[in-house]
Every structure is written in structure tokens, then in C-alpha cells.
Amino acid sequence: MQIEIKFNLNGEDVSIITDPVRRLLDVLREDFKLTGVKEGCSEGECGACVVFINDILVNSCMVPMANVINKRVMSIEGFKKTKEFEVIEKGFLEAGAVQCGFCTPGMIMATENLLKNISNPSVEEIKEGLSGNICRCTGYQTIIEAVQLSVKEGGGLWKSNLTSL
Amino acid sequence: MRIDTRKVRTDGKEKIRGENKYLEDLEFENLYYARTLRSEVSRAIIKEIIYPEMPENYHIVDKNDILRNEVKMIEVDMPIFAKDQVNYIGEPISLIVGQNKDVIIDIINHTKVIYEELPSVYSMEEAKANNVTIIEKENNEFTSHEFSIGDISSLNDCEIFDGIYETTYQEQLYMEKQGAVGDYKDGELIVYGSMQCPYYVKNALMHATGYNGLNTRVIQADTGGAFGGKEEYPSLMACQVAAATLKIKKPVRLIFDRREDIMYTTKRHPSKVFIKSYVEKNKIIGIDINVELDAGPYIGLSDVVLQRALFTLNGAYQIENAKVKGTVYATNNVFTGAFRGFGAPQTMFALEQHFNQVATKLKIDPFEFKKAHFVKQGQKTVTNGVYVEEIKLDEVADKLEKLSDYKNKMKLLDSEDYYYGIGVSFIPHGGGFTGDGEAEHIKAKVKLKKNKNNTVEILIANVEMGQGAKTALPKIVASVIDIDIEDVIYNNPDTKYVPDSGPTVASRTTMVVGRLLYKAAEKVKERFNEEEFIVEENFKAPDYLVWDPETFQGNAYMSYSWSGNVAEVLVDKITYDVTVKNIYGVYDIGYPIDIKLVEGQIHGGIIQGMGMGMMENMTSKNGKIEQNNFEAYSVPTIKDIPNMEFDLVINEYDDGPYGAKGVGELTLVGIPPAIASAIENAVNKEFFKVPVTPEYILEVKEYADRN
Amino acid sequence: MEVKSYIPIDLEDCLGELGNDNYWLFAGGTDLMIRKRQWHGASRKFVKPVMFINDLKELNGIESDDDYIYIKSCNSLRDVYENPEVPEILKKSIITMANPSIRNMATIGGNVANAAKVGDTLPVLFLLDARVELRSKNEKRIRKMSDFIKGKYQTDLRKGELLYQVIIPKKEYDINMFYKVGSRHGDTLSKLSVSCTMNIENNIVNDFRVAFGAINNKSIRDRYIEEKIINKSVSEAEGLIYTVLNEYQDLLYGDNDKRSTKRYREETAIKILHKFLKEALNEK
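Protein chains in written order, with the numbering used here: chain A, 14 to 178; chain B, 2 to 708; chain C, 406 to 689.
Calculated from the structure, these hints are not laboratory results. Here the structure is a predicted model, which means the values were calculated and not measured. Just so you know, not all the hints are guaranteed correct.
[Stated by the list, open to error] Okay, the calculated beta carbon distance ranges per label pair:
hint	chain 1	residue 1	chain 2	residue 2	range
1	A	N21	C	V452	29 to 39 angstroms
2	C	G466	A	I30	29 to 39 angstroms
3	C	I414	A	N21	18 to 28 angstroms
4	A	N67	B	K582	50 to 60 angstroms
Where a beta carbon is used, it is the ideal one built from N, C-alpha and C, also for glycine.
The task is simple: from the sequences and hints, build the whole structure.
See the structure below:
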């Protein structure tokens, strides 16, 4: 079944004709060529595919297009244009928190999700916030440092908001 | 730039932005997709394959579509597509190729393979029993080696300790699944892949297709993690997509699903190590070690894995009398291959655990016991070579003791809810290929191209796979020539343009290839005024390296890196869940080319080692891997990590760039035994297997005495 | 493979169509997308038609009155976690489930209707005496959790029906615990879970509840055993600890599988309950 699905992608209103059962991940990668969103496990366990839908972090490998209708989607390609991204990017570079890079866009998105909910997280809160992102290269400790550096250099960019993830 | 200044990763930004392209991100015109038809049984003759009627533009690619149906690795016993027999569950029979994935799946679902099943061998025990022989060698033994030093049989008045130690499968679980693209264009066969060894792939392609070197080309795509899992396996995939693209003259892409990748690609060898040690005056003066590895049905790299497993003995210790034996067995389980450590994690777990248990039985602190056995410069290796370099184990141990505060922590008591335990390990890792491998087999060659605009390009076959080669190697070149790192170019290797500097394995990239680049850079510096030119540097074995590949006698490695690790654990008294509180490491890796990259290898190796030591339980039942997805196969998440701290002992290696030695694998090897012996210390029981899961702890703590 | 799917505009539309075919109800998708997984880029393996209900406003929102909390089935686990009326013990179970992004998508209705052996909200809902309201085009039914859940992946849901809301009686629980044992500290499925509450006043045990999850195919709760210490004094209750533990032991039937062993599941669950009882009764 093919229907027209309208949604907002990285700030732009778009529409495609597709099967509503189709995964958002596949639509982003194949139809919109947004290859920053990756398939690591296809089961919502690794976090390489996360995007924001209406500002909520979700695994795009689990989302059917039917659940995207009229919503706002942001992938790393959209997020990298923001001030928050700049700060997080610096934090990750400085901390040496990138190795093979495959988990990295997802890790960046999860960091943004964490900080916009908890603007000055404890180590425990950082761990909880990134618990859905698997990295096989770094051992995670530099990633924790990267988040802490982002908070430190962020200058209050993330204001205290909700208190849960 | 200066070698001792920290450099931010050259490829960091593009990765953070999601802009760099892995294999699945590359675009090809008129791309066809391939999916593998796989054996559903572990050993059988294929009587017949009944394919459904193939729609137009859909193709079957199989054994008939390739000149030589053999994957050239070291041997050629593994077929590219199953011949008349399948030997493991998941063995590729053919590729179904087309442009609509739903149609391809439909074709596979409607394909019927008729098997005549044969008896299978599912364990090393069954292989040894030899009721069924599954390979053309006797007793299901692919290879077997034996050597000794001193004379064990002369040891009479000794106290004897023994133990049988086991490790199981471990899956590399790189975040990027395996994949390859074959493209036949203008008479040139090109294969793109996520890989560690472009020239292994090229050689396999030439062997399979009969094409010569000029029209066979391999281009590495950005590789999202490998850890050894992409050392040999890509050669198989490359030959398959090559057959496909040569058949249909269109680009063909093969990328696995995650479950496919977990179940059917190479994994760490399961092992069983029998140790018997002879103690006199509280020192182990004799040791008898027998190592068994499960290779699956094809030999692949298994004999080399066995060699490293054996040559890494006797670890950090000097034991004058040693008898060492090892055997690689054939089974119909998934075939096994390289994974960070490459045989050393298996034997070092056994050795370290054994030392820990003997020390405990002798009521000696394991740290002191191990120190008392430390090997020294000038002493013999287990292959009758000599440790020619200075060995700084005492300094490693001292720094480790201070860093971890071991002496005080040994006195720490359990709390109400947890048993507290602390464990220590000391490990060597030989850098580069075993024995004369670098000189006789690899013969690495590197090139540097100086351009008119004063940039310098690195031309080597080694890949960036996360470890930081694209930062470390340019750093060496830039420092020697004294230019900015931004002026050093290092693109993904394309065999059309780069010489064979050898595979990205065996902790050799910085130490061996980096050294060659160092020397080449010196030549470039001398001639920098010239407009443009290319310099070449070839590997030359150091004089002290004496090695007989027939008898395995001599110096097995050119140089050793060393680690000391302490692990502290809390074992929940009710659930036996283990929390690792701290892991400390002190490393002699020669000289750190970049401290952040070294930190990355240390942290990453620790966490993978922690997975092997206590979490990553992978079992095979009737030839099938049971934990086949991210959820069932538990790798550490960020919530599982300990606090990690490290220090370095600088001990420069003359033949390494700026004195650097290998670091990539060492950092994993010491962790499983450090954690396992910490758990022993915590619950006061002996453990002989990794991973030490809560279920295993329960069995040992509460039930072992009753058995 | 063309899959029929239906995106209803409201609940009436949904229920009207539901009985007409054998629909998979698709809420958050965190289970279905795994079960129906397929090669990346290919169609998911949906053989039956799919009805998308996640965004129906009638199935979202949490309300309460004096006696009950009403949680619509398509609330995400995160929605449930953040609501101040939801009992603490349910929040304790939710925060152990999967990871933040999954909790943003997975729904409480999905967790219940799926009836997986390892679903973590299930034993807690058993403990809370929760009920589920099921609706079809013409009918409304309310069932106790223990009647609705029949076994692994088996419920009393009829064709044409969907899970409308979960209804939880309001009650104060002085002491509550949700203890989950997984194979690692983050993002893991349960090997076993133990949920307990206890109310003590004037040295008398007013209420005591226990539920075990992920061990048997269906969560275990047994009011008969709980009542053995209800209305007893604290010291009498302490004397009955072993009786209680032995009776629960007889109800546990754990499996040996790729994640854990029978022995580990059963014994660890009892030990956890034992510790809870000792501590809860000792505190007074």
C-alpha cells in the first residue's frame, strides 16, 4: 500500500509516497540520502539510528512511516547546524571520544537528548542517558568526559528542563 | 609539528557530523543487491538445489560462476560457494542478486535445498573422540605443534598443581556490519569493502578469478570497527561479489544483517588449556601446557592463532622447564578467526589464572608471586629465543602497585551486601607478525609521495578502522619532516596506488609500518627542496631475529609490549552480579605516538576484555550460535564500565618509530584474568572458565562442594 | 510484499475497522519491528494487515479519580514514568526497561498486550491489582491482569478488540521494591524480577504483596500466600518467613536457556524476597 506521507525533515516540509509500514531509517537513508543515520542492529539496541521526532529521541529502525505523519524529524544532518552541536562536537574532539565513528552520530544525538532534559548531569545520569548507545571502540569513559566538557563549555546553553529521560 | 604534542584526530569532525561514508553509504549507479542462500544444516551433501523460476534480471551466483572456487587465505580449503557439501550451519551456497530486495527474499524463501545429512562434530571433545572424521587429516586435527625448553621429566621432588581452563566464543561486534561491493568497469574488477587487509583481498580475488594484478583493484571503504573480524572474512565476501559482478557486469553489493553477521562470520576460538605446574620452594620451575582450539571446518588463520597462543607462553614469567603443545581441531561449528589478541587471550587467561590459583594455595599474595617469576632481559623464551630488549616489568609492577594502591586494597573487607575482590595480571604481547612472518611473508613496502605544493602523501595498505592510524601515522611523518599534520595526506588504501605494506593486524601498524614511514620520511626531509618525488622503504628484519619456522625455535617476536592490570570487583552476595569498580593498567608500549590514541586503545581493550571476562557468553548448540542478536549477546554498555586509570612506562624500542611498540591487542589480554582472579579473591573459590557469569559463580560457590 | 495497513482517524474508526480483518495492532512498534524484522531496505515481514494506533488521541493520556488511575494504552513508558499519580513501584520497573529512546516509543499497552515472558510492567501490574479495559466496536470488557494474561504471548484479547486502558487502584504502599536481574547493568532483558510491597502499622502487617516476573511464562502472584502474614504482628510474620519462601519456591518454574539457568532464576528470586522480608519486618 502506498500513501502520501507529509512530515517535516530537518526544518523542511517534505512529502513522499511510500508504504506506511516502511522504516523511517530506510526512508531517511534511501529516499533522502541522509547517511548519517546508521543501521547497527535493527532492533533498537545499539542507538546508531536515533533521531528526534517532535523533540523526542527514538530509534528510527523501529519507527514505521505511519508514526511519522505530520511530525517533525531531526537527524544528525539537521542537528549539526545548531549551536548545541558545535559545543558537543568540540567536547567529543577534545576528549578523544571518537574512534571508528559508526556509533558517533547516534551518541551525539543522545547527548543532546540528555542535556536538554538534564542540563548538568551527574556521571550516573550521563550513563543512564547514553545507556541505549553501544560503542565497541572507546570503552565509553572518554565519551563521559566529552559530555562533561560540553556542559562545562556550553555556558548555560542547555537550561534545566524536565528531570527525566 | 612535534611528536609529543597531542593532536586531535584528523578524521574526528567528519565522523561526528555523520559525513564520512562507510560502505553502505557509498552510491553506485545501477546497483544490484545480493543476499546469501545459506546452509541450514551443519554437515551434508547437497543433493539438489531447486530454485524457483527466476524473474528477469535476477541471478543466481554460485560455484559455477568463479574460475577457482577457493578463498585464498593461507590454505585454500574454504570454498567461496559450497561445492557439493556443506560443513557448517550458514555456509554460503549461492548469492541471489537483483534490484528489489523483496523479490530476492521471496526467491530465497522459495528455494529448496535437498540435503543428505552427514554426522557432525560439535565440540573439541567429539573431534578428539574421532568417531567421525570431518577433514582429510587424521583425528580431526588441522595442525599440531610441540616444543619444549629445559626438561620437565627431570623434576621429581616438586609439588604439582593442575587445572583445565576454558574460554568460549567471543564476537567482535563491530558496530558496522560486514559488507563488500563488487564492480566490474572497463575491464577492471574493483572490490570495495569494510576491511583490514586490502592486499589479502586482492590476492584472494586474483586467485579466484585468474585476473592479474593490473586489473584487480581493492579499495577500502571507511571501516566501522573490525578488531580482527574483518581480517580474513572480507576475502570471502569479496570473491563472492566479484563472481557476481563479473557475471552480470553491474555493481553488486553484499551487506549482512546483524544476526547473520553474529552467527556466521569469524569469531574468537573457543579454547581448552590443560596446565600442570611443578613448584619448588614456592616457585613454579616447570610447566606442562596443552592447548586446544576449535577452528570450525576450515583452517583459515587458525594455525597462526595457535602459534601466537603458544609463543606468548610463558607470559611475563621465566620458567626454566616448559613443555608446550597445541592442537587445532576441526568441527562443524561456525569457523573461527582473528579477534584482538589472536590466541593470546586464551593462553594468557589460563596461565594467569593458574598462577593466581597456585599462589593462593601456597598462601602467597598473587602480586608478589607473579613478580618473583618476572622474566628478564637475556633470558630464554619458551621457543629458545632470547629476550634481547630491556624488560621493565619491575617498573610496571611498581607503578601498578602505586596506581592501584594494591597493598592496602588487599586488606579491604567485604561489605554487608558485597564480597570485595582484587586481582592482578601481567601480560606480554609480541608486536608484528610471528617469527619470520614480516621478513618472509609480508615483506612490507611503504611509499611517500612529495607533491609540488609541499604536501606529502602516505601510500600504504594499512587502514584506519577506529584505532587512529589516520592520525598516528601522519603524525610520525609530519614530525620527522617537520611540517604540519594538515599537510600529510592519507587516503583509504586503494591497491591501484599503494604498495603492500601488509595487513592491519598483529599490532604492527605503528611499530612496523610506522617505522618504515619514519625512515621514508627521513629521506623525504633530505630531499624536500625537490618539486615532487616518491620514496620507498622496504622492511628489513633486525639482525637479532633468528627464527626457524620448521621447528619453531628462536625469537618468535621482534619486540614485546607489556601490561600490568589490577581489577577490583564487588560481587553481590545475593545475585552474584559482578560490578567492576576499578581497573588499573600500566603499560610498556615503547613510546606513545599520541597519548589520546593510546588511551583509546587502553580503554577500548579493557572494556572488550571485561566483556570476555564476565559478560559475553556465547555458546554453540548443535552447530548453531545461540546468542544471535544485540540483546542476547551482552557486550558492556556505558552503565557497566569501571573507573579506568592508566600509566605508562617508557621503554623505547630502537626499531620502532620514536621507540613505539604495538599497543592494539595487549590492552585486552590482561583483563579477563585480572577480573576472574578478582572474583576468585572475592568469593574464595576457584574459577576455570570465562566469562565468569553470575550463574557460574552460583554453581561454584554453592554447589561445587556437593559434587 | 504488499502489506495492507490502516491508519484510523479516531478510535471509532479504528474499532469499526478492527473486526473486519485479522489486524496486528501497531503501537510503539518496539516489539513488532523486531519480530517482523527483515533485511535492511526490504519490507518488514508483516503477513497480516497492520492497524496503526499509536497517535490516536483517545488512546493517549493519563487520568485519575479518587479511587483509580486510568492509563490509556498508547502512553509511552516515558509518559507513564513522568506522571505523578503513577505508583512508585511501577516507575521503578519502567526505568529498568531497555533504554531512554525505547522508553520513548514503547507503550504500556504494548507491553501488556504482548504478554512477553520478560515484560517488566506485567508483574507490577499483577501486584497492583491492575485491570485492563478492552474495547471493540460494540463492547467494553474489564479483566483482571491474571485473567487477561494467559501465558507467554497469550492473552484473552478477542478479535476486533484492543486494549483501551490500564486501570490501577489507588493505594499507598509504605515499602515497595522492584528488583530486576539482567545480564548487564544497562539495556537488558530480565532473567528474573521480584516486586514486593508491605504496609505495617502499629506493629501489624496490614498488607503484603509479591509478584515474580520473567521466571514462569506468566507473572506469579498468590494472594493466599500473602495473606499468611497479613494481620499478623511483625514478630509472628518474621516467624513465618520460611513458610512463605517455601510456598513461593514451589510456584517457580524457571528455564535453562541462552540467558540463564533454572537454578539461578529460582534461587536468586527467593533470596531477593527473603532479603526484602527480613529488612521490611526488621525496620519496624
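Verification of the hints:
1. A:N21 <-> C:V452: 29 to 39 angstroms: Given a distance of about 33 angstroms, which is inside 29 to 39 angstroms, the answer is holds.
2. C:G466 <-> A:I30: 29 to 39 angstroms: Holds, at about 32 angstroms.
3. C:I414 <-> A:N21: 18 to 28 angstroms: 21 angstroms Cβ-Cβ, so the 18 to 28 angstroms window holds.
4. A:N67 <-> B:K582: 50 to 60 angstroms: The hint (50 to 60 angstroms, Cβ to Cβ) is violated, given that A:N67 and B:K582 are roughly 40 angstroms apart.
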